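There are 2 protein chains.
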Amino acid sequence: MEQLRGACIIGQSGGPTAVINASAQGVIQTALQAGVITRVLGAAHGIKGVLADQLYEMAEEDPRELDLLQFTPSSALGSCRYKLSDPDQDDRDYKRILDIFMKYDVRYFFYNGGNDSMDTCNKISKYMQKVGYSCRIIGVPKTIDNDLFGTDHCPGFGSAAKYIATSCMELYQDARVYDTGTVAIVEIMGRHAGWLAGAAGLATWAGAGPDLVYLPEVPFDMDQFLSDVEDFYRRTGNCLVAVSEGIHYADGTFVSEAKTSATDGFGHAQLGGLAAMMADVVKNRLGVKVRGIELSLLQRCASHLASQTDLSEAYMAGKVAVEAAVSGVTDKMVAFRCTRDDNGYHCEPQLIPLTDVANVESKVPRDWINEKGNGVTQAFIDYALPLIQGEAPRPTDHALPRFVRLKKVLAK
Amino acid sequence: MEQLRGACIIGQSGGPTAVINASAQGVIQTALQAGVITRVLGAAHGIKGVLADQLYEMAEEDPRELDLLQFTPSSALGSCRYKLSDPDQDDRDYKRILDIFMKYDVRYFFYNGGNDSMDTCNKISKYMQKVGYSCRIIGVPKTIDNDLFGTDHCPGFGSAAKYIATSCMELYQDARVYDTGTVAIVEIMGRHAGWLAGAAGLATWAGAGPDLVYLPEVPFDMDQFLSDVEDFYRRTGNCLVAVSEGIHYADGTFVSEAKTSATDGFGHAQLGGLAAMMADVVKNRLGVKVRGIELSLLQRCASHLASQTDLSEAYMAGKVAVEAAVSGVTDKMVAFRCTRDDNGYHCEPQLIPLTDVANVESKVPRDWINEKGNGVTQAFIDYALPLIQGEAPRPTDHALPRFVRLKKVLAK
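Respectively, the protein sequence lines represent chains A and B. Residue 1211 is where the first sequence ends in this note's numbering, and the numbering goes up by one at each step. Residue 1211 is where the second sequence ends in this note's numbering, and the numbering goes up by one at each step.
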């Protein structure tokens, strides 16, 4: 494969995570060292920064600050939720992207995101192929939701899972402290897949977690739920419940749907307020003290509880993306192939076609959820437990996080 | 002072904290070593466990497990919200407590809690004096609200403050990640005092925190609030707001009041749902994207972010209580006298009369809040910053917290 010299762009897209910046750091630091990459540009707010010609000159950043990227949650370059049109219908965005690529002689494009971002990445890749613009395009996976197809798991999931499990263990201590019982309902992110809600089951496995866990993979039945809660409450005097924001009835209606009609840029219903609503239902039907708790954004930005395994893998994903592209690979996403056996846990990167990944959602296997649909099985624990291991360093200043401070010098 | 031989009771009361068990550990381990204390009993659910004759034999616990108490949030012995009647009106509870004290030859009573618990402690102390039962009674302060009178601060506040400041810094990264702006409103505990909401100002001081902070010490004005938010949002494209759950209008009405009418055992209105309500108001008036986030129970049980300063002081408070009682002191609460100067921060325990403490609330001085009433001043930062210092060890098992496991053997 011949050497391809030129600039690279790294963009971050979709909802942030505790480790998406570790992947950006992997890309940026590897690209800055790669001889054939002449310039490293960070896109402000993902593909929208490319369209707006808002690109940051990463070589202008202090290398010591770049080292802090991996300990900084959220997307340091800024993110977006922007769906590219079908290029056969409307190719204006693609032409604009091509213009920008040509303007800066961009020959490498790394896009760090989840399902929708891999769709963006795939569309750009196919367009550049179609128009014959020589460019290597690699997707770097990211999503706390863990629903990307073709990879054992996604960077971001392990840290969110660790935060959720730890918080649930703490809530378990707290929500049962009084002699008068409480039913507490914890709402966890995950629109269509229950990976994050399932992570609450790690707390249960550790002996102090939700008594009941509901994932969107199993149709929700409010009467069965109330019966489960009542049964548990009557027997033990308390009940801690974890629910995915995405639980829905058999007909597909989200349980939370009545609460809101707002949608995000991709047409997804914006969920939220479910815990409070379900707590209300429990209170009205069972007459017990309730508490609804929404982990909200906290679960996706808690870098103070990041999993070192997740952090290392996120960095590796970025590094591998650049190395693969430099060696000639394009039109792929970095994925993980993992083994969990008596020799422990091992994770190897691999490269899979972007086309296979885009818009396909990976869900929790039905047999990793118990028969009653209100908890996870040991198979889920065996899968998730290795992903939360390891304490990440936490650079601080006066005991508060010391996050990266980027200069964000605009490229000319 | 003559030696007083007999059993002791330790009880935990009111809302739990990340470090209330550290105080219990201080009491229990010091009492187990004190020759004159013949038996160490833990009350199940505070004073209700005394009334119900539900006392645990602490000597039966594995000493290695007792060492884990300080890393376990919430009240390991169980808590209660129970207001003792005025003994002149109804002395049945007091007679019952005296019966139990006599049954177990209890000569030392340590009660760990906040304002209401110090009222309980004070009433029992005065009753025992009145009936001439020789018993030494010491209050051990605890409350994340930090509103106990007569002490520089309360154990529990520093750890909650650290959690709030850290979480706000993470949310600050997250809630401004998109190119489309967001107004995010974080709701923080604190019924009548704004210490906890003020702690969000530590994040602002560190360069990544709420743009606006509202404490209950300043009457809330919704129009001024909307104007503050709009001004900030128009200038910067985003706005992160921290509000105390206890903010109220000039006439004393809680801003959240319309949302709920439930009350806890002390007749306090149960607050909550304020962030969502205020986010709605902002959305309707300013037409911007909003997000309401309630830190809920998470902020009072996050032992994974405990301040080592807080943890050490909480243990010390328990230890000092026992040492003082053994040396003859009674009818007092342990308080802290602190200095903050060029030599750093120093904290000394002292003992103050229970009568002075009971039912008096300490609030944030007006001049520690800025003139506009939407942020804290440097004086607040100088006060709070030392209290969040130091990283506490975090015993784990498979990367998840390893909390104490008590046998809870009932005393016969």
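To be clear, the hints were calculated from the coordinates, so they are not data collected in a lab. None of the values given here were measured: they were computed from a predicted structure. Please note that a few of the clues may not be correct.
Since the list can't tell identical chains apart, any single copy or any two copies may satisfy a pair.
In silico EDC-like pairs for lysine to aspartate or glutamate, Cα to Cα no more than 16 Å straight-line [claimed, not checked]:
#: 1; residue 1: Lys894; residue 2: Asp852
#: 2; residue 1: Lys1206; residue 2: Asp1141
#: 3; residue 1: Lys1211; residue 2: Asp889
#: 4; residue 1: Lys894; residue 2: Asp866
#: 5; residue 1: Lys882; residue 2: Glu1056
#: 6; residue 1: Lys882; residue 2: Asp978
#: 7; residue 1: Lys902; residue 2: Asp885
#: 8; residue 1: Lys1171; residue 2: Asp978
#: 9; residue 1: Lys1082; residue 2: Glu1160
#: 10; residue 1: Lys902; residue 2: Asp1050
#: 11; residue 1: Lys1088; residue 2: Asp951
#: 12; residue 1: Lys894; residue 2: Glu1160
#: 13; residue 1: Lys1207; residue 2: Asp978
#: 14; residue 1: Lys1082; residue 2: Asp889
#: 15; residue 1: Lys882; residue 2: Asp1141
#: 16; residue 1: Lys1088; residue 2: Asp978
#: 17; residue 1: Lys1171; residue 2: Asp1022
#: 18; residue 1: Lys894; residue 2: Asp1140
#: 19; residue 1: Lys1211; residue 2: Asp898
#: 20; residue 1: Lys1082; residue 2: Glu1147
#: 21; residue 1: Lys1162; residue 2: Asp887
#: 22; residue 1: Lys1206; residue 2: Glu1170
Hint check:
Proximity of Lys894 and Asp852 under a CA criterion of 16 Å is satisfied intra-copy only: 13 Å inside one chain copy versus 79 Å between copies. For a Cα distance limit of 16 Å, the shortest separation of Lys1206 from Asp1141 qualifies neither inside one copy, at 47 Å, nor across copies, at 34 Å. In this homomeric assembly, Lys1211 and Asp889 never come within 16 Å of each other (Cα to Cα): the closest approach is 28 Å inside a single copy and 81 Å across copies. In this homomeric assembly, Lys894 and Asp866 never come within 16 Å of each other (Cα to Cα): the closest approach is 35 Å inside a single copy and 65 Å across copies.
Within a single copy, Lys882 and Glu1056 get their C-alpha atoms no closer than 23 Å, and across copies no closer than 41 Å, so neither meets the 16 Å cut-off. In the homo-oligomer, the alpha carbons of Lys882 and Asp978 lie at most 16 Å apart only across protomers (14 Å), although the nearest pairing inside one protomer, at 52 Å, exceeds that limit. In the homo-oligomer, the alpha carbons of Lys902 and Asp885 never lie at most 16 Å apart, since the shortest distance is 24 Å inside one protomer and 81 Å across protomers. Taking CA atoms no more than 16 Å apart as the test, Lys1171 paired with Asp978 passes in neither setting, with 29 Å inside one copy and 43 Å between copies.
Proximity of Lys1082 and Glu1160 under a CA criterion of 16 Å is satisfied in neither setting, with 35 Å inside one chain copy and 32 Å between copies. Taking the closest pair of Cα atoms, Lys902 and Asp1050 never come within 16 Å of each other, the shortest separation being 50 Å inside a single copy and 62 Å across copies. Proximity of Lys1088 to Asp951 under the C-alpha cut-off of 16 Å is found in neither arrangement, the shortest distances being 40 Å within a copy and 34 Å between copies. Taking the shortest Cα distances, Lys894 and Glu1160 never come within 16 Å of each other, neither inside one copy (29 Å) nor across copies (65 Å).
For the homomeric pair Lys1207 and Asp978, the shortest alpha-carbon distance between copies (15 Å) is at most 16 Å, but the shortest distance inside one copy (54 Å) is not. For the homomeric pair Lys1082 and Asp889, neither the shortest alpha-carbon distance inside one copy (51 Å) nor that between copies (33 Å) is at most 16 Å. Taking the shortest alpha-carbon separations for Lys882 and Asp1141, neither the intra-copy value of 44 Å nor the inter-copy value of 56 Å comes in at or below 16 Å. Taking identical chains as interchangeable, the C-alpha atoms of Lys1088 and Asp978 lie at most 16 Å apart only when both belong to the same chain, with a minimum of 12 Å there against 41 Å between chains.
For the identical chains of this complex, Lys1171 and Asp1022 are intra-copy neighbours only, at 13 Å inside a copy versus 50 Å across copies, given an alpha-carbon limit of 16 Å. In the homo-oligomer, the alpha carbons of Lys894 and Asp1140 never lie at most 16 Å apart, since the shortest distance is 49 Å inside one protomer and 62 Å across protomers. Taking CA atoms no more than 16 Å apart as the test, Lys1211 paired with Asp898 passes inside one copy only; the shortest distance there is 14 Å, against 83 Å between copies. In the homo-oligomer, the alpha carbons of Lys1082 and Glu1147 never lie at most 16 Å apart, since the shortest distance is 48 Å inside one protomer and 46 Å across protomers.
Taking identical chains as interchangeable, the C-alpha atoms of Lys1162 and Asp887 are never at most 16 Å apart, the minima being 31 Å within one chain and 64 Å between chains. In this assembly of identical chains, Lys1206 and Glu1170 lie within 16 Å of each other by CA distance neither inside one copy nor across copies; the values are 53 Å within and 32 Å between.
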